[in-house]
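Full structure from sequences and hints, please.
As they're listed, the protein sequences go chains B and D.
Using the UniProt record's numbering, the first residue of the first sequence is number 1, and each one after it goes up by one.
Using the UniProt record's numbering, the first residue of the second sequence is number 1, and each one after it goes up by one.
Worth flagging that the hints you see were computed from the coordinates, not collected in a lab.
Please read all numbers here as calculations on a predicted model, not as lab measurements.
Take these hints with a grain of salt, some might be off.
To be verified - 30 Å max Cα-Cα, derived DSS-like pairs, lysine-lysine:
hint: 1; chain 1: B; residue 1: LYS183; chain 2: D; residue 2: LYS104
hint: 2; chain 1: D; residue 1: LYS49; chain 2: B; residue 2: LYS104
hint: 3; chain 1: B; residue 1: LYS135; chain 2: D; residue 2: LYS49
hint: 4; chain 1: B; residue 1: LYS104; chain 2: B; residue 2: LYS183
hint: 5; chain 1: D; residue 1: LYS58; chain 2: B; residue 2: LYS97
hint: 6; chain 1: D; residue 1: LYS58; chain 2: B; residue 2: LYS135
hint: 7; chain 1: D; residue 1: LYS49; chain 2: B; residue 2: LYS97
hint: 8; chain 1: B; residue 1: LYS183; chain 2: D; residue 2: LYS64
hint: 9; chain 1: D; residue 1: LYS264; chain 2: B; residue 2: LYS104
hint: 10; chain 1: D; residue 1: LYS7; chain 2: B; residue 2: LYS104
To be verified - Some chain D residues judged to face chain B by a derived CB distance under 10 Å, without partners named:
hint: 11; residue: GLN125
hint: 12; residue: SER179
hint: 13; residue: GLY246
hint: 14; residue: GLN262
Each residue gets a CB set at the ideal place from its N, CA and C atoms; glycine is no exception.
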Amino acid sequence: MKNTLKNPVVYWAFVLPSLALYFLFFIYTLLTSIGYGFTDWNALEPAHYTGFANFKQAFDDSDFWVAVKNNMFFLLFSVVLQVPLIVFFSLLISGVKRLQGLYKTTVFMPSILSTSIIGILWGFLYHPTDGLFNKVLGLFGIEPVSWLGDTKWAMFSILVTNAWQWMGFYIVLILAAILSLPKEINEAAAIDGATGYQRATRITVPLIMPIISVVIMLSIAGAMRVVDIVLVMTNGGPAGATEVMASYMVNQGTRYGEYGYAMALSILIFAIALVLTAVYQFTIAKRQEGIEY
Amino acid sequence: MPAAIRKTIPHVVLLLYVAVILIPFAIVVFSSLKESNAEVASHPLGFPKELFFDNYVKAWKQAKINVYFFNSLYISLSAAAAGVLLASATAFALTRMKFLRTSKWIYQFVLIGMLIPGNVLFISQYILIQKMGILNTHMALLLPYTAGAIPFSILLISAFMRSVPAELEEAAIVDGLSSQGLFFRIILPLTVPALVTVFIINYLGNWNEYLLSNFFISTDSLKTLPTGMVGFRDAYQTNYPLICTGIVFSVLPVVVLYAFLQKKIIEGLTAGSVKG
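Below, the structure written as structure tokens:
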């Protein structure tokens, strides 16, 4: 009887298809990236090994550093501004009884839409002459702003659109954690005379710290791989002001055929993402372990 | 502060947030029913003077939104279904079948995939797809979408399968079920909640994917909705009512579906992530 579960034919039949796909699209491609990252391959001529030349080039490539900086903007904007707002709105929604369903459903809605369609929709709102924002500014006699065309505003405009799309998704995650907390703790605190604000900051937020930590992790990961919204709204422009690492890499590969360089960039992006994750795990996330209720 | 006011303040703040979410949609719907750019421009938030449905006919005929829509639907559904099926079979073998050392190694190997941010491999995947000779076919999206979901799906489904009590399968084996029978008739039905979560996450990811579909597919009739709509915008950049109609066409089916399924979607997403 024990042998039923020790059937190598079934075992490999169940494991190999996934493993083959995984190997092909993750491991093999990762190895090609690493391999070609050290060459000058441009898909037309055979590749030559060039050592660390691509990486040196990347370090001297000011355009790439602008892209890195923009990714960091994304990261800071989502962690420093969005996460507190997300927690605030989650607390508000968890505290109301009436209309809770409506809030939960509505705020989540943008997250199910495609980033590219949201990019088009917001591009329409940002239109320099006929878009909503400049119409509203016009009511106050303020000069129209070229939201996506002005290097000062383009990045900010994309960040706002990105926040509009994703905040609800995280709110729903945190809300679920709040609603699954044992009610007794909060009730006991209320009887002891704690105000709603005190209960939120001293009881609820510490208790949901693990899920807030997950949301911060997801925001960091999201900021590192952002690309669609940039390609659709500005394609990195004006003058590279909204270029992020991934869009820069994609453009180097597909537009200029610099495949070797693009693959070296992808290794750098991977390395930066690993370092950020590790730093986060060893500093902030570690301190939050061991919360029990 | 009187209780009534204290109870109202959260609603005021939250309704403002709801307005911020809904106003862009309202503007797009109103604009899609307006006759000209001039009317859109003069009162962006105003209700159309007269409902002008011609845009809808025009967009449906010119924009091929229906073609993009069904391409997206077919690719997202099949890749999500294939991913869930492959991952659950693998998770079953890794967690319930008795090749413990091999399973441990394979599991660790697959976990490496979770460390790699999706876009990093884009250029090499592009080359791979080109080498396989499937560039510009639906296979160019089906394979990477299915493969891309595998690490996360195996991780989540494995965690769920480990919690199924061993007595259940022992009883089934005594009753004469084979290992594949055990998978299809006992374990798979028991893990449906986890499978639904994984399916929804993968499906939404595929439905919204832009980068691969933009570069791997160039034939218009094979394009998915996100890429098709960008092409449509670029072609009719100066006709706001028409672009808005395109947006309505591409958003409406998803929003309607969401209205029906929102409970399941929200629960499915939260069930998997909260007890982390």
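Inset, instruction - For the pair supplied as a hint, LYS58 of chain D and LYS97 of chain B, confirm whether the alpha-carbon distance does not exceed 30 Å. - result: violated, 45 Å
Inset, instruction - May I ask you to test the interface hint for GLN262 of chain D with respect to chain B, counting a Cβ-Cβ separation under 10 Å as satisfied? - result: holds, 5 Å
Inset, instruction - Would you check the hint for LYS183 of chain B and LYS64 of chain D, treating anything up to 30 Å between C-alpha atoms as holding? - result: violated, 52 Å
Legend entry - Pairwise hint evaluation, LYS135 of chain B against LYS58 of chain D, where the allowed Cα distance is 30 Å at most: The given pair, whose Cα atoms are some 28 Å apart, holds under the 30 Å limit.
Legend entry - Restraint check for LYS135 of chain B with LYS49 of chain D, where alpha carbons must lie at most 30 Å apart: Holds: LYS135 of chain B and LYS49 of chain D sit about 19 Å apart, inside 30 Å.
Legend entry - Pairwise hint evaluation, LYS104 of chain D against LYS183 of chain B, where the allowed Cα distance is 30 Å at most: With Cα atoms ~40 Å apart, LYS183 of chain B and LYS104 of chain D exceed 30 Å; violated.
Inset, instruction - May I ask you to test the interface hint for GLY246 of chain D with respect to chain B, counting a Cβ-Cβ separation under 10 Å as satisfied? - result: holds, 8 Å
Inset, instruction - Could you grab the alpha-carbon distance between LYS7 of chain D and LYS104 of chain B and see if it respects the 30 Å cut-off? - result: Holds. LYS7 of chain D to LYS104 of chain B sits at ~18 Å (cutoff 30 Å).
Inset, instruction - Take the C-alpha atoms of LYS49 of chain D and LYS104 of chain B, compute the straight-line distance between them, and say whether it is at most 30 Å. - result: violated, 33 Å
Inset, instruction - Verify the proposed pairing of LYS104 of chain B with LYS183 of chain B, using a straight-line Cα cut of 30 Å. - result: This hinted pair holds, its Cα atoms lying about 20 Å apart.
Legend entry - Satisfaction of hint between LYS97 of chain B and LYS49 of chain D, Cα-Cα up to 30 Å: Given pair LYS49 of chain D, LYS97 of chain B is violated - Cα atoms ~39 Å apart, limit 30 Å.
Legend entry - Interface hint outcome for GLN125 of chain D [beta carbon to chain B under 10 Å]: holds, 5 Å
Checked against the numbered hints given earlier, this structure breaks hints 1, 2, 5, 7 and 8; the rest are met.
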